[in-house]
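So the sequences go chain by chain: B and H.
Following the UniProt record's numbering, the numbering of the first sequence begins with 1 at its first residue and continues without gaps.
Following the UniProt record's numbering, the numbering of the second sequence begins with 1 at its first residue and continues without gaps.
Derived from the structure by calculation, the hints contain no laboratory data.
Careful: at least some of the hints might be erroneous.
[Unchecked claim] Okay, derived cross-link-like pairs now, BS3-like style, lysine-lysine, Cα gap no bigger than 30 Å in a straight line:
id: 1; chain 1: B; residue 1: 93; chain 2: H; residue 2: 93
id: 2; chain 1: B; residue 1: 32; chain 2: B; residue 2: 93
id: 3; chain 1: H; residue 1: 257; chain 2: H; residue 2: 343
id: 4; chain 1: B; residue 1: 32; chain 2: H; residue 2: 93
[Claimed, not checked] Which residues of chain B face chain H? A few of them, derived with a C-beta cut under 8 Å, are:
id: 5; residue: 42
id: 6; residue: 46
id: 7; residue: 81
id: 8; residue: 83
id: 9; residue: 91
id: 10; residue: 93
id: 11; residue: 239
id: 12; residue: 448
[What the hints assert, rightly or not] FRET-style restraints, in silico, Cβ to Cβ:
id: 13; chain 1: H; residue 1: 31; chain 2: B; residue 2: 130; range: 26 to 32 Å
id: 14; chain 1: B; residue 1: 281; chain 2: H; residue 2: 159; range: 54 to 60 Å
id: 15; chain 1: H; residue 1: 115; chain 2: B; residue 2: 340; range: 42 to 48 Å
id: 16; chain 1: H; residue 1: 75; chain 2: B; residue 2: 229; range: 26 to 32 Å
id: 17; chain 1: B; residue 1: 94; chain 2: H; residue 2: 31; range: 54 to 60 Å
id: 18; chain 1: B; residue 1: 71; chain 2: H; residue 2: 437; range: 27 to 33 Å
id: 19; chain 1: B; residue 1: 284; chain 2: H; residue 2: 161; range: 44 to 50 Å
Idealized CB from N, CA, C, for every residue including glycine.
There are 2 protein chains.
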Amino acid sequence: MVNPIDPTAVAFLMAENRRMPMHVGGLQLFRKPEGAGRSYATELYHQMRDVETIAPLFLKHPKRSIRTGGQLVWVEDEQFDIEHHVRHSALPKPGRVRELLDLCSRLHGTRLAPERPLWEAHVIEGLRDGRIAMYTKIHHALVDGVSAMRLLQSVLSTDPDRRDMPAPWALRPRAVQDPPANADEVTTSALRTALGISAEAVGLPGAMVRTLRKSVRNETSALSLYAPRTILNQTITGSRRFAAQDWPIERMRAIGKATGTTINDVVLAMCSGAMRTYLSELDALPDSTLVSMVPVGLNAKQSQLASADGGNAVGSIMVKLGTDLDDPADRLSAVHTSMRDGKEALSSMTPVQILAMSALGQAPAILTPLLRMQGLVRPPYNLIISNVPGPRTTHYLNGAQLLGTYPLSIPIDGMALNITCTSYDGHMCFGLTGCRRTLPHLQRLLSHLDDELTALEKAAGV
Amino acid sequence: MVNPIDPTAVAFLMAENRRMPMHVGGLQLFRKPEGAGRSYATELYHQMRDVETIAPLFLKHPKRSIRTGGQLVWVEDEQFDIEHHVRHSALPKPGRVRELLDLCSRLHGTRLAPERPLWEAHVIEGLRDGRIAMYTKIHHALVDGVSAMRLLQSVLSTDPDRRDMPAPWALRPRAVQDPPANADEVTTSALRTALGISAEAVGLPGAMVRTLRKSVRNETSALSLYAPRTILNQTITGSRRFAAQDWPIERMRAIGKATGTTINDVVLAMCSGAMRTYLSELDALPDSTLVSMVPVGLNAKQSQLASADGGNAVGSIMVKLGTDLDDPADRLSAVHTSMRDGKEALSSMTPVQILAMSALGQAPAILTPLLRMQGLVRPPYNLIISNVPGPRTTHYLNGAQLLGTYPLSIPIDGMALNITCTSYDGHMCFGLTGCRRTLPHLQRLLSHLDDELTALEKAAGV
C-alpha cells in the first residue's frame with residue numbers, strides 16, 4: 001500500500017522537529033463500571049489492544065519513496081506491532097492527579113517515531129481514587145482526515161450498559177457504530193473534543209495554504225492589533241508541561257447571566273486573570289494587554305463561539321484579554337467588548353480575508369518555512385485559547401463513565417502556551433499545554449484559574 | 001561542541017533501523033535501605049535526576065553536518081532536558097516480575113531518538129515485594145568508549161553506609177569516586193556487567209573492522225562448523241521480549257565439581273536443555289545440534305571463560321550445544337568437549353584470525369552492510385550466549401542493596417536471541433533478549449532453564 005500524502009499533512013510532517021512535535025493528544029478520565037474488579041485496567045487494556053483488524057489510518061506511516069522521486073508517501077507498516085502503540089502504564093505513588101499530569105507531560109513531549117504508524121494510546125492505572133485514565137496521541141498529519149474523525153467519534157456510547165464497543169483504531173462495519181441520537185451529538189462526541197479539536201485549534205486547512213499566497217498582504221483590522229512581546233512569544237524547546245482541570249459550567253453561566261456576557265467570555269476572563277497573576281509572579285506582565293487568538297466557527301451564531309461546528313472552516317478573532325486591568329469585572333467587560341468587536345470585524349471580511357487571517361493565526365510554525373513570511377508579518381497575538389463545545393450528556397466506554405476529557409495541543413515557536421477548553425456533561429474542561437522551559441511552573445495557572453473564577457463570582461454578585 | 005564520531009560508532013548508528021535498535025540495556029533490582037520511607041523511589045528518582053553537571057558523553061547526540069560534507073558528528077544537545085532521559089515509572093498491578101519484564105521489553109524495543117543524547121534511565125516502582133528496579137539504556141555508539149565505562153563503573157559502592165554517590169551521568173571529579181579495593185573489583189562492577197558487557201557481547205572493535213578485510217577468507221576450523229537453520233535465524237522485527245532470572249552459583253559449582261566441568265559449561269548446558277525443550281514445544285527442534293557463539297577473553301585462562309577482562313579484546317568460540325541429545329548429562333558433556341576444542345583451536349590461531357573470527361561472530365548486522373559479505377559466509381552459529389563475571393561481593397547504590405543485575409542485549413537479523421549472563425554476589429543472572437515475533441513465548445525459557453538446572457543436578461547426583 002503506497003498512497004500520496006496530501007499537502008497539509010506533508011506540511012505538518014515537514015514542520016515537525018525535536019522542539020515542536022506535531023501530535024495532538026487527549027486525556028480522558030473514567031470511573032470504573034459497577035462491580036469492576038481489581039484487574040479492570042488490565043481488562044480495558046486488553047480490550048484496546050486485542051483488536052482483530054486495525055483500520056488503515058492507524059497502520060500507515062510516512063516514508064520517503066525513491067520511486068516517487070523522494071516524495072513523502074504513506075506506506076503500510078509491514079511489521080505493525082499493536083503492543084508498541086497500545087500501552088498499559090501505571091502512576092508512581094501517591095497517585096495524585098499531579099503524577100498523572102507529569103506522565104502526560106512526558107508522553108506528550110516525546111515525538112512519534114516516523115518509522116511506525118503515528119499514534120499511541122496509554123491505559124493508565126494507579127490513581128489513588130481508583131479512576132482510570134487514557135492518554136491518546138496522534139499525529140496532526142493523520143487526525144486531519146474526515147475518516148479519522150469518524151473513527152474516533154463512535155467509540156463512546158450514551159448507554160451505560162453498552163459493551164463490546166470497538167477500539168478507536170479497530171476496523172469495523174458501519175453497523176457496529178452507535179446510532180446517532182442527533183447529528184449534533186455525533187459531531188461533538190467526547191473523543192472528538194479530546195483529540196480532534198485540539199488539532200483544529202492549530203490546524204491549517206489545505207484551502208488556506210492555497211489561498212494565502214494571494215491574500216497575505218490584505219491587512220485586516222483584526223491583524224493590526226498590537227500584541228506586546230512576552231515570555232510566551234519565544235523560541236521554545238521540546239519540553240512539555242500539561243495541566244488540566246475542570247469547573248462546573250453552571251458557575252460560568254451564572255456569572256454570564258449576572259453580567260450580560262457569554263460562557264465563553266467568562267472562560268476568556270478566567271484565562272485573562274490567571275495569566276495576569278502568573279506573569280506578575282514571574283515579574284513578566286507587560287504594560288499593555290495580552291492578545292489571544294480565539295478560533296471561532298465561520299458560520300457561528302453570535303451566541304456560540306465555537307470552532308466545532310463541522311470541518312475545518314474556522315476563523316479567528318484577536319481578543320484583547322485586558323490583562324492590564326486590575327479589576328476582574330473590568331477584565332470580563334474588556335473581553336466581552338473585544339469579542340463583540342472581533343465578531344463584527346470578522347463578519348465584514350471577505351471569505352478569502354478570513355481564511356488568510358485564520359491561517360496566519362493558526363499555523364505560523366508551518367507557514368513560516370512554507371511561505372518564507374518571517375519578517376513580513378509580526379505575531380499578531382500572544383497565545384491561543386480555544387473553547388470547543390463537547391457532548392452535554394454522560395458518555396460511557398464499555399460501561400466506564402467518562403468523567404472528563406482534556407485536550408493536549410501543540411505549542412510552537414513564538415507561541416509557548418495553548419489553552420484548549422472543552423465542555424462535557426456540565427463541566428468545562430481546561431487543557432493547558434506549554435513549553436516547560438519557556439513557562440516555568442505552568443501548573444500554577446490551574447489555581448490561578450480557580451481563584452479567578454471565584455473572583456468573577458464575587459464581582460458579579462453570584 | 002562538534003566532534004567527529006569514530007568509525008565503529010558510525011557503524012552502529014548506520015546499522016540501526018526500526019527492526020534493530022542498537023542500544024544495550026541493564027535491569028537492576030534493589031532492596032530499599034533500612035528505614036526507607038514510602039517515597040523512597042521518588043527520592044531515588046530525584047537523586048538520579050537532579051544532577052548538577054551532566055558528563056559530556058551523556059550530552060551529545062549524532063547529527064549530519066553540512067559543514068563536514070554530510071558526515072555524522074557528535075554535537076552537544078543545546079536543549080538537554082534531563083527529564084526526558086531520567087524517568088520515574090510504575091508497574092501496573094499486580095506488580096509481579098512479569099509486569100516488570102513487560103515494561104523492560106517495551107522500553108528496550110523503542111529506539112532512542114537520534115535528535116537527543118542516546119540514553120535513558122527509568123526508576124521503576126510498584127513491585128509488590130517492595131523492591132525498586134532501574135532500567136538503563138544506552139546506545140552502542142556511546143557505550144563503546146572507555147570514558148563511558150569509567151563513568152558507569154563508579155556508581156556503586158561496597159559500603160552500605162555510603163551515600164551521595166553521584167548518578168552515572170553526572171560529571172564529577174575523580175576524587176569522588178569510590179577508591180577501588182582492588183583492580184578486579186573496578187573492572188567488573190555491577191553497572192559494567194549490566195550495561196557494558198551486553199554491549200561487548202555484540203561489540204565490534206574498530207581494530208576488527210580494519211583487519212577484517214584482509215583476513216575474511218582465512219577460514220578457520222571454528223568457523224566451518226555446521227549450524228542448522230532454525231527459527232532463531234531469520235529476519236527479525238522491532239518487537240522485543242526480555243526475560244530474566246537468577247540462580248545460585250553454588251548449585252552450578254556443585255554440578256561442575258561432580259562432573260569435572262566448569263560453571264560456564266553448566267550455564268551453557270542449562271541453555272542447551274532449555275532451548276531443546278523450547279524448540280521442541282514449537283515443533284522446531286533441528287535434527288543436528290544448535291551452535292552457539294560464546295565470547296571469550298583473548299587472554300582468558302583455561303578456567304575462566306569470560307569476555308570481561310578488560311577492553312574489547314574478545315575472541316569467540318563456536319560451541320556445539322548438544323541439543324540433539326536426549327540426556328542432560330550427555331549435553332553437559334558435549335558442551336564441555338566443544339568448549340575445550342574451541343579453546344584449543346583459538347590458541348592455535350593467529351591474532352588476526354582470532355580478530356576476524358570474532359568480528360564475524362559478533363556483528364553480522366554491521367559487517368553485512370559494511371563489507372557486503374552477505375552470501376560470502378553463512379551464519380556460523382544459531383545464537384549468542386555470553387557469560388561475564390561480575391562483582392562477587394554485595395554492592396550498594398546509596399544504601400540500597402543491589403539484588404540482581406540483568407543485561408539486555410541486541411538481537412539482530414539472523415540472530416533473534418541473545419542470552420547474556422552475569423554473576424553477582426553468588427548468583428548467576430540470566431538476561432534473555434529476543435524478537436517477540438520471531439520467538440513466541442520467549443519467557444518460557446526461564447522455567448526451562450530452571451528445569452534443566454534441576455535435571456543436571458539429578459544427573460550429577462548432587
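Right, here's what the structure says about each hint:
The straight-line distance between the Cα atoms of residue 93(B) and residue 93(H) is roughly 13 Å, inside the 30 Å bound, and the hint therefore holds. Taking the CA atoms of residue 32(B) and residue 93(B), the gap is about 20 Å. The hint holds against a cut of 30 Å. Pair hint residue 257(H) plus residue 343(H) holds up; C-alpha atoms about 20 Å apart against a cutoff of 30 Å. Pair hint residue 32(B) plus residue 93(H) holds up; C-alpha atoms about 15 Å apart against a cutoff of 30 Å.
Annotation: residue 42(B) was flagged as interfacial toward chain H, and the flag holds, the nearest CB pair being 7 Å apart, inside 8 Å. Taken as an interface hint, residue 46(B) does not check out: its beta carbon lies about 12 Å from the nearest beta carbon of chain H, beyond 8 Å. For residue 81(B), the suggested interface contact is upheld, since its CB lies about 5 Å from the closest CB of chain H, less than 8 Å. Because the closest C-beta pair between residue 83(B) and chain H is about 7 Å apart, less than 8 Å, the hint holds.
The beta carbon of residue 91(B) comes within 6 Å of a beta carbon in chain H, closer than 8 Å, and the hint placing it at the interface holds. Because the closest C-beta pair between residue 93(B) and chain H is about 6 Å apart, less than 8 Å, the hint holds. Given hint, residue 239(B) at the interface with chain H, holds; its Cβ is 5 Å from that chain's nearest Cβ, closer than 8 Å. The beta carbon of residue 448(B) comes no nearer than 23 Å to any beta carbon in chain H, farther than 8 Å, and the hint placing it at the interface is violated.
A hinted range of 26 to 32 Å for the beta carbons of residue 31(H) and residue 130(B) is consistent with their spacing of about 29 Å. Range check, residue 281(B) to residue 159(H): Cβ separation about 45 Å, and the 54 to 60 Å hint is violated. Evaluation of the 42 to 48 Å hint for residue 115(H) and residue 340(B) yields a pass: the beta carbon distance comes to about 45 Å. Between residue 75(H) and residue 229(B) the CB atoms are about 30 Å apart, so this pair conforms to the stated range of 26 to 32 Å.
Checking the proposed 54 to 60 Å range against residue 94(B) and residue 31(H) shows it is violated: the Cβ atoms sit about 22 Å from each other. Against the hinted window of 27 to 33 Å, the Cβ-Cβ separation of residue 71(B) and residue 437(H) comes to about 30 Å, which satisfies the hint. The hinted range of 44 to 50 Å is satisfied by residue 284(B) and residue 161(H), whose Cβ atoms lie roughly 46 Å apart.
Hint check: violations occur at hints 6, 12, 14, 17; the rest are consistent with the structure.
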